[in-house]
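**Student:** Below, each chain spelled out in residue letters.
4 protein chains.
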Amino acid sequence: MTKTKVALLGAGFIADIHIESYHRFVPDAEVVAVFTRKPERAETFAKKHGIAKWFGDLDKAINDSGCDVVDICLPNFLHHRAVLTAARAGKHVIIEKPLAMNLEEADEMIAACASANRKLMYAEELCFAPKYERVRKLVNEGAVGKIFQMRQCEKHSGPHSDWFYNVDQSGGGALMDMGCHGIAWFRWMLGGDPRVVSVYAHMQGGLIHEKRTRAEVNSLCIVEFEGGAIGVAENSWSKHGGMDDRVEVYGTGGVVYADLFVGNSALTYSEKGYGYAMEKAGSTKGWTFTIFEEAFNQGYPQELKHFIECVRADQQPLVTGADGRAVLEILNAAYQSARTGQKVPLPFRLKVKKPIDLWLG
Amino acid sequence: MTKTKVALLGAGFIADIHIESYHRFVPDAEVVAVFTRKPERAETFAKKHGIAKWFGDLDKAINDSGCDVVDICLPNFLHHRAVLTAARAGKHVIIEKPLAMNLEEADEMIAACASANRKLMYAEELCFAPKYERVRKLVNEGAVGKIFQMRQCEKHSGPHSDWFYNVDQSGGGALMDMGCHGIAWFRWMLGGDPRVVSVYAHMQGGLIHEKRTRAEVNSLCIVEFEGGAIGVAENSWSKHGGMDDRVEVYGTGGVVYADLFVGNSALTYSEKGYGYAMEKAGSTKGWTFTIFEEAFNQGYPQELKHFIECVRADQQPLVTGADGRAVLEILNAAYQSARTGQKVPLPFRLKVKKPIDLWLG
Amino acid sequence: MTKTKVALLGAGFIADIHIESYHRFVPDAEVVAVFTRKPERAETFAKKHGIAKWFGDLDKAINDSGCDVVDICLPNFLHHRAVLTAARAGKHVIIEKPLAMNLEEADEMIAACASANRKLMYAEELCFAPKYERVRKLVNEGAVGKIFQMRQCEKHSGPHSDWFYNVDQSGGGALMDMGCHGIAWFRWMLGGDPRVVSVYAHMQGGLIHEKRTRAEVNSLCIVEFEGGAIGVAENSWSKHGGMDDRVEVYGTGGVVYADLFVGNSALTYSEKGYGYAMEKAGSTKGWTFTIFEEAFNQGYPQELKHFIECVRADQQPLVTGADGRAVLEILNAAYQSARTGQKVPLPFRLKVKKPIDLWLG
Amino acid sequence: MTKTKVALLGAGFIADIHIESYHRFVPDAEVVAVFTRKPERAETFAKKHGIAKWFGDLDKAINDSGCDVVDICLPNFLHHRAVLTAARAGKHVIIEKPLAMNLEEADEMIAACASANRKLMYAEELCFAPKYERVRKLVNEGAVGKIFQMRQCEKHSGPHSDWFYNVDQSGGGALMDMGCHGIAWFRWMLGGDPRVVSVYAHMQGGLIHEKRTRAEVNSLCIVEFEGGAIGVAENSWSKHGGMDDRVEVYGTGGVVYADLFVGNSALTYSEKGYGYAMEKAGSTKGWTFTIFEEAFNQGYPQELKHFIECVRADQQPLVTGADGRAVLEILNAAYQSARTGQKVPLPFRLKVKKPIDLWLG
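Quick mapping for you: the protein sequence lines, in order, are chains A, B, C and D.
Sequential numbering of the first sequence, starting at 1, is according to the working numbering.
Sequential numbering of the second sequence, starting at 1, is according to the working numbering.
Sequential numbering of the third sequence, starting at 1, is according to the working numbering.
Sequential numbering of the fourth sequence, starting at 1, is according to the working numbering.
Just so you know, the hints here were simulated from the structure itself, not pulled from any lab data.
Bear in mind the structure is a predicted one, so any value in this text is a computation, not a measurement.
Using N, Cα and C, we set each Cβ at its ideal position, and we do this for glycine too.
Any given hint could be a false lead.
Claimed, not checked - Residues on chain A that point at chain B, a partial pick, calculated with CB under 8 Å:
1) Leu58
2) Val135
3) Leu138
4) Ala143
5) Gly253
6) Ala266
Bound conformation, chain A alone (with noise of 0.2 Å):
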C-alpha cells in the first residue's frame, strides 16, 4: 500500500518534532516535500532529515510536491494564507495550534477545507499525550467522580524564534501561544465540544521580556463551563528552568496531578554538564530533569498517526478545525476580560484583526 505523502510548512522547532514523529512513529506516512520561507533553510532541513523536495514558495510547496496532505507548521499569520491554498488545491490539512488570527479566518478556513471535502485536523497534542490520556481515561472510569476543577500549566523562558515576539505575527503573547493547549485540553477532558460560559483572564506584560515585546508574558485564564466546572489555564513565557507542564483534576470523587516533563525525567547530577535536558532547560551544569522521548509523551506522533490513519480511512479526526475556532474563541475572550477586569460571556461576537488587540487596546 502506498504511503501518504506529506508536505511539510515550516522548518522551526515544531517542524523538527514533526518530522522526528513521521520518521519514527508514522510509517504510512512519506514527508516528500518542505516550504519555509529561506530556500537555502529549506534545503537544509530537507537533506538533513532526508526529504526529497524543498519549496521557498508555498503554493509551488502545496501544487508542485506531489502531496495528499499539508502539514502546516508555520508562523500564526501564515496559517489562514496556507490553509486557504491547500483545500483549494484539494489537499488534506493538519495545522499546528493556533488555529488563525481571528474568527473570519478561522470560519473562512473551516469552510474552505469542507467545501473542497477535505479534513482539517487541529494539531492538538495534548489530547494525545499519552499520560494526559491515561488521565482522561480514568476520570472516564470515574476514577475522581464528577469535576469541578481543572489546572493546566504550560511555561517556560520564552519562545525560540523572533516572530512570536511579534504581535502582528503571532497575534498574541503566552496566552495565545500556549494557554491555547489547555483550553482545548479542558474542553477535551469535558467531552470534547462542553458550553462555555465565561471567560475571565489576568496578563503581565514586559517581565523579562520587557523590551522585547507588547505581548503578554505571564497569564492566568479561568474557562467556566455549562455545569459549573472550572479550567484554569496558566501560561508563561517568564518561568525559569524549562519547559513545565502539567495538569491537575479535582472531582468530586478524587483527584490526579500528572506532568509531562519534571514527572518522567530522570533527576541528574553532573559537575561538568552534558548535551541536553529538556526544552528551553538551559544549562545542564548541577541538577537537571532530563527527559526522555520528549516528543512521544508530548503526544506528536500520535496526534500524527492519527491524522494519517483519518487520511487513508476516511475518517474525521478526534480534532478539527471546529475546535480550533472554539479555543480561538475562547481566547478572545480571554484577552477582552484581561483588559476590562470582567468575566466576559460566550459566544463571542466582537470583530477584532488579532486577540491581543482586544487586551492592548
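Chains B, C and D: place on chain A using the hints.
**Tutor:** Positioned in the frame of chain A, the structure of chains B, C and D alone reads:
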C-alpha cells in the same frame, strides 16, 4: 515489502505485552501464529489478537506456521527445547529472559543458532527502555564521569503464573526472574561485555510466599567489574504496592536517578477506585501511581522493533545469546555465593542443573 | 523567671495543636486554663493536657484564670466578643484566623487592644512555617529575582466541626477558612503590607457538601498587588485524599516550589493500614503520604513561641490585628467579586455582616 | 530551676549544629564552655555563640568549666581520652559517633562512666530524626508487617575537615563516618539490641579523593540479623550534589520510603544563585533542593534535649555507649569482610588498633 512473520510461543503475561508491542509499534512484523500448551488458551489468545493460526504443539507452531521468526515467551524450562527446534527449522529467535536453565543449555542454544546461521536475540528490554537509554546516553556523554556504582531494583509482590514458583520449571526465584534484568543492564551500561571479577549475593526465602515456593523471594546481588565498578541488583517477590523498577548511577562526576513506574506515573486519589493503576498494584482505591504506556516505557516495542529490523537488514542484534549466557553465569555465581557467604570469582565452572540448586544445595 | 500564663479559649482541632505546641516547644508559657462552651468538654480537655483550670464561661475564663495571655481558638463568630473581653481585662491576645466576621468588628477589636495597651497577634502560622520561611528567605536573598506570581493552595475534604458549615457562625466557606492563609502569605512575601490594587474570585458551592452548607466549598482568588505581582489562592473543602498545602513563587530570576504535606512525607504502602497518615487523609490502607511533626511543619509552635517572646520582651508581634484586618478586607472584596464577575478594587467600603453575604446576596 | 551546664568539646561542623540545637531547642541546657585544640578558634566560636568560657586544653575544659555535662564533638581519635577524663571528673557524657577507635577503647570508656556512675549517651541522631521516628512508629504499629529488609544511605562528596581523611585520626572512611548511622538505625528499628548474625561489606578507595586519603570513599555493608532481616548501609564520600540521607523499609505487609534532604526540600531554580541550599550542595545556581531546619530534621535538637532530660531526671538515655560499642563491632566485621570477601560472623574477636586496618591490612 512483505512483513516479517512471527510465531509467538507463549500466551501469558509477557506474550500479551509482546503482541501489543508488535501491533502498535512494529509495522514490519506480522504475528502469524501463537502456541501455548493448552490449545483452547491458544485459540482464545489468537482470536482476541487477530492471529491467524494457533497451536498446542510446539514443533508444529515452529515448523508449520510459515514464520520467519520465533518469539519465545515460554516458561524457563522450555527455552532450550524451543530454541533448538527453531534453529533446526531455520528460524530466527528472540527469547525472553532468562536464556536457559543452565550454561550447558545456553551453549547448545547459541551453537544451534550459529550453525543454522540464524539470529538469536536475548530480549533484555531494559537495554531499550527509553528512560534508561536516556540515562545511558548521558553517561556516555560523560555527564557523571566514570561509573563506580550502579543500583538496579526490580521488585513486586510475586509473579502471575504458577510455574515461576516451581523451581524445576523456573530454575530460581526473584533473582533468576528479575535480577537478570539488573545484571544485563549493568553490563550494558559498562559497554556491553565488561569483565566480571566477582559476584556476591544474599537471598531470603519464605516471607510472603512461604507456602508456595522454595525459591528465594528477596535477594541482593553485588557484581564487581574489572576496573572496580559495582552493580547492585535488588530483587523481590515480596514487595507490596505494585511494580518498582529503578536505577541509580554513581560516577566520579555526578549521579543519575531514574524510575520506570512511580517516576513516570500520574498521581491519583480515587474514592471508588478504577480499572488498573500499574503492574501488580492491587487495589486502586485511595492513592495510586497510575502508569501510562507501560510496555513502551519498559522498552518492549523498541526491543522487538530492533530485532525485526536486524532480521530484515541481516544485522546482529545489540543483545544476543552470548549476553544471556553471561547473565546466566553471573546468576549461577550469585546462587553459589548466597550459599557460601563468599564472593564467587568468575568464570564460573561448576555444572548444575539449575541455578537455585547452588543455593538450596 | 516565671512563665507566661495562657488561657486557651477553645478545645477543638486547632486548640489541640496549640496545646501540643506550647507543651513541646514554648517552655516560657504555661497554659493555666481552658474554656469551651460545653463545660464537660473543657474538663476533659484540661485533664487530658494537665491544665489546672477549666471554664464553661468565657468571661470567667478570661477574668478568673489568672492568665496573662488569651489564646483564641474559637469559632469565628465568637472572636469579636472574646477579644473585647480580653482587652478590657488587660490581657494580651493571640487569635486564630480569620480575625473577625466583618471589618467593623475588626476595627473595634484592634482599637480595644490598642487602648488597653495590649498586644494583638494575628496567628497566621504560614508566616512561621519553616519551609515557607526558607522560601521567603531565598526570595529575599534575590534567588528568584522580582516576584510576579505566587500561588498558594490549601485544600482538603472539609472541616472537622459543624460550625464551619453554618455561615452565620463562620462567615464563609473554603475561602474564608483557608484562603485567609494564602492571602496573608502573599502579603508576607511582599514585605508585610503591600498595597492591593484589586481582587477577583470565583467560587463554587455544593459539590461534596451540597446538603451540609450554603458556603462556597471550592474557590480561586486572584489578588493583584501594586507593582503588578499577583497572588493566586486556591482553596477547597472538596478535595479528597488529605490536606494539601503548597506554594509556587515565580520571579524574574527563577522559581521556587514548596509543599508542607506530601512534600515532607514518608511514602508508605500498608496492606493493613495504620493509625494516622496526615490531616483528613482518610484510610491508611494502600499508598499514603505519612506526615511527621505536622504542627511544627505548619509553623504553630514557632508562631506561639514568637508571641510569648513578644509579650515577655514587650515587642510588637510580626503579624498583628492590622494584618488580620487587611486579609479580611481582601476576603470581602473576593466574595463581592465572586458575585459580580468583576475585579473589585481596594479599599473595600461596603458594609456587610459577614463576607459570604456579598456572594450569596 | 537551674540549667544543666554543658562543656562543648570541639568547634567544627558538628559543634555548630549542637550549639544551634541547644540554643533554639534545649532551654534547660546552658553551654558554658567550649574547647578546641586551637585556642584562638575556641575564642572565636565562644564569642560568636555567646559562650562564657573557652579552652585550648582538654582537661581544663572538663575540670575547670563548671560543667555538669561534656558534649564530645571531637575527632574520633580523641574520643577515648575525652571520655575517660570526663568520667574521672564526674561529668555526664554525650558523644558523637563513632564511639571509639577500637573495642578496647570502647570497653574502657563504658566502664569508666559506669564506675563513676555517670551517663554515657551515644549521640545517634537518626534515632531522633522526626521523619525516621515517624517511620519507626509506623512499623511498630504493624503498618508494614515484619521487616525483612532495610536500606539506609548516607552519601555526599566528602567531609569538611582534614582529619577525616587521615585514617590514623578517623579510623576509617565513609563507612566509619556515615555507615555507623545506618547500622545504628537498623538496630534501633529492630528494637534496640537485636542479635547480629553476620556482616558483609564491599569497599572502594580512591575515586574523587584518590590523592587525599587511603580510606574507603564508597561502601556497601549488609548486616544480617537473627530472624533473617537484613540492613543494607550504603555510604559514600564520592557522591556529588549535596547530602543524601534516605531509608527504605520492606516488610511482609508493606513498605515505607523516607528521605531527610531531597524529600523535605523546596525545589528552587535560581539564575543567580543564593546563599545555601543544603549540606555540601555546592553551587546554588540552576535547580537546587533547598532544605530547611536541617538540624531539626536530622534529629540533633531532639537527641540533645533527650540527653539533658535524662541527666536532670536521672534516667538512662535511649541510646548508650553499649549501642556505640555494638555499632563499632559491626564496623570491625565490615572492614574484615571487605578484605576477605566473606560474611563475617559476630561476635567479632580480632583485636585491631582501628577498623580500617582490617581492610587495608
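**Student:** Are any of the numbered hints broken by this structure? If so, which, sorted upward?
**Tutor:** 1
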